[in-house]
Amino acid sequence: MIKGWAGKRLRIDLSRGKIEHEHLSSDYLESWIGGRGFNVNVFSEETKADLDPYDPKTAFCLAVGPLTGTCAPCAAITSVASKSPMLATQTYATSSMGGHWGAELKFTGSDQIVIRGQAEHPTYIWIHDNDVELRDATDLWGKDTHQTTVLIQEELKDRTVQVLCIGPAGERLVRYASLVNAFHWDSGRLGLGAVMGSKNLKAVAVRGSRSASLHDPEHLAAVCKGLIHKIQGDSRTQALSFEGTLFVLREHQGQSPGGSFQDINSRYYRKNYFFSKQGCFACPIHCGRYTHVKSGPYDGIHFGGAHGESVRALGPEMGIARWDSILKMIQMCILYGLDPVSTGGTIAWAMRTFDKGLFREHETDDIPLHWGNAEGAVKLIEKIAKREGSGDTLAEGALRASEIVGRQSEELVAHVKGLELVGLKDMRMNSALHAAVSTGDWDNLKKVIGLSGDMRHEHNTRKKQGQSESGVNPPPNIDTIAHIVKRTEDVKCAADLAGVCSFPYARLPVLNPADLIEQLSAVADLGLDEEALINASEKVIADERRLAAREGVSRADEERFPMDRLLTGDSERAGCSHQEWRTMLSRYYALRDWESETGLPKNNSRMRETSEVLEISEV
Amino acid sequence: MQKLLIVDHEKCTGCRLCEMVCSVKKTGVSNPSRARINIIKWEADGFYLPMLCQHCQTAACMTVCPKDAISRETDLNRVVVDYDKCIGCFMCVAACPFGGMGIDATEEKVMKCDLCDGEPTCVSFCDPKAIEYIDVSAAALKKKRSAGEHFSELMRKFVG
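Heads up: the protein sequence lines correspond to chains E and P, in order. Using our numbering, the first residue of the first sequence is number 854, and each one after it goes up by one. Using our numbering, the first residue of the second sequence is number 6, and each one after it goes up by one.
Please note that a few of the clues may not be correct.
Unchecked claim - Calculated pairs, DSS-like style, for lysine-lysine (alpha carbon to alpha carbon, straight line, at most 27 angstroms):
no.	chain 1	residue 1	chain 2	residue 2
1	P	Lys30	E	Lys861
2	P	Lys117	E	Lys1078
3	E	Lys1010	P	Lys117
4	E	Lys1124	P	Lys30
5	P	Lys162	E	Lys1147
As the list claims (entries may be wrong) - Residues from chain P that face chain E, not an exhaustive set, calculated with beta carbons under 8 angstroms:
no.	residue
6	Gly33
7	Ala65
8	Ser129
9	Phe130
Worth flagging that the hints you see were computed from the coordinates, not collected in a lab. Since the model is a prediction, treat every value here as computed from it, not as a measurement. Every residue, glycine too, gets a C-beta built ideally from N, C-alpha and C.
Required output: the full structure, derived from the provided sequences and hints.
The structure is reproduced here in structure tokens:
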């Protein structure tokens, strides 16, 4: 028996009500590893180009990795993949979701679920070990994510059932609808919740009693204990544990206009709204937060899921500096099943458009949508989720809404490939490049900021040399940035393949790929070394890029990056010129072995060769 | 000095790592339904409570066992099962008021926390220290100090 994986793929056809259990061979498992690998393989082999995201034939995939559901630290990740209704090209998109759902899926004895078709009436899938049932969800349609979770748990008479569901936004095909599991852990960006909605699929409920088998349990426990100590001992993860993902709010302090957002930081939150910490499955960091509001118009709201990027998007991005309104809006996004980042980005665009007189008051249902109008934004979120009035336009996302509104409002949209960017002139070059070229999703959990491991030393040395020569910090080194982004993408993908959170590997690289290898060999006896793991990541990313290119994503989409989102000035984090941006893209394409003109991956076999060439030129 | 495995629900973040390491250590697989400890969740409120055998002084499991298979071991102050005597009637499972005695469906045997012979694995993996294995006397003192923290802070500020 293969250890580490369940060794099974579940195929569900909602149109025909057909359920198949497919055995996965050990060769297959070892070659694609898990999560993002299984998903991209299904899409590459089984789907045609130009399928609409809402076409019943479009697959909706959920997959976990060999480490998911084990005692490996942060072994919580499910990769969610389908075609994104949010991206301008509506191409293949993959998103990593934390929470508790993925591990439970593993305990039912499946590594992946592939869902196709469209149910005749609202339906939810109930997976209990080997038993799979399609159940009527007519009464759940219209319910928010919290109510849906409770009602399903009550119907199944089991409080430990893990429910992954959409809210009203997903049902009404809001293009940035999210999926939510365990009440508030979401797969937010890219609008995959709307794909579920288009299939008439309200939820996937799982409960398992099976074991995740392990190759060498004793060694695994020892390795994991060591890694947890490493995580506990690092100041970056300590800060993350103490501040939650709200630590990202530090990055915009001092750069906000007029300093009016000085209270929008983790310290103020902790003092006034913090209720408790929460962890995803098997996580020793616990970046999740439960929030309790004790006064004001939103007195008594209590919810989990306040994350830094959501606060930025629904606060400073819209000119809102009131914590209670921001928290109320985050809660609304979670309940309605909306991506808080795109929600904030879209309303912020609407506000800028309104202030310029391009969006008129009668078009916003008489809401004076000035920048900073918190009450207006709260009203608008409900309208978006229900696609009422102006909400129907805004439910299309900022880019598509600007096409509907016209009047040159498109110039005010800050987006890359149709996905809203959030941040007030404070994106670092490496985050920006990552946002532009990433084949997966990117948000505060996934975007590139830090220098990963071995590159830190090199960068610091260069910085010192630059300083000693000119007395100021040198401008960002384009080669280094392209290299950092590639490396971080590869490591993030490796974590997604293994089924663990990429935060401690890529975003804050406290752990490294060698640690992943140790865990993988203890769990699955994989004959992988670090190079082979990174090669597997490269293969998956190349396939994802091919799927994107198939539907028209090209260099042009990445060249038109809203440069005004980048930091300006002389600091090492400062932005760059268009020329430098283009050079950086070319450099990144060369590292990936993608065609310079089109951004299309060349032959797979050349991948290794290129990275070797690169190593030499870097030295 | 006697030690006690003590739970602090306020610190628990509901990650279930304790369940995983318990099952890995005791059964060699990762499976929460075979773990001796479980996190009971009121997820919508953000409230979590680790539950496991309390090693009661007057243990209901021990009282109802028809074969005297359950006994108290004074060294570690724990309640243990002698599987050679156990007949698998599961009376102890029914009698325990906390669900501390469970059934391992794979091995068809009762299962309970045995404090890992004095070095509880779950404790060593719990980052927020929601479960601790400490001296009996220290346990109460620790709580007193933590409860008195606010009082002492105020007194030092305004009086001292």
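Hints, one by one, checked against the model:
Using a Cα cut-off of 27 angstroms, the hinted pair Lys30 of chain P and Lys861 of chain E holds, with the two alpha carbons roughly 26 angstroms apart. About 23 angstroms separates the Cα atoms of Lys117 of chain P and Lys1078 of chain E, which keeps this hinted pair within 27 angstroms; it holds. The straight-line distance between the Cα atoms of Lys1010 of chain E and Lys117 of chain P is roughly 25 angstroms, inside the 27 angstroms bound, and the hint therefore holds. Proximity of Lys1124 of chain E to Lys30 of chain P is assessed by CA-CA distance (about 39 angstroms); at most 27 angstroms being required, the pair is judged violated.
Between Lys162 of chain P and Lys1147 of chain E, the direct Cα distance comes to roughly 26 angstroms. Compliance with the 27 angstroms bound is thereby established for this hinted pair. Annotation: interface hint on Gly33 of chain P holds; nearest CB of chain E at approximately 4 angstroms, less than 8 angstroms. Given hint, Ala65 of chain P at the interface with chain E, is violated; its Cβ is 24 angstroms from that chain's nearest Cβ, farther than 8 angstroms. The beta carbon of Ser129 of chain P is positioned within 8 angstroms of a beta carbon in chain E (closest approach about 7 angstroms), and the interface hint is therefore held.
Annotation: interface hint on Phe130 of chain P holds; nearest CB of chain E at approximately 6 angstroms, less than 8 angstroms.
In this structure, the earlier hints numbered 4, 7 are contradicted, and the remaining ones agree with it.
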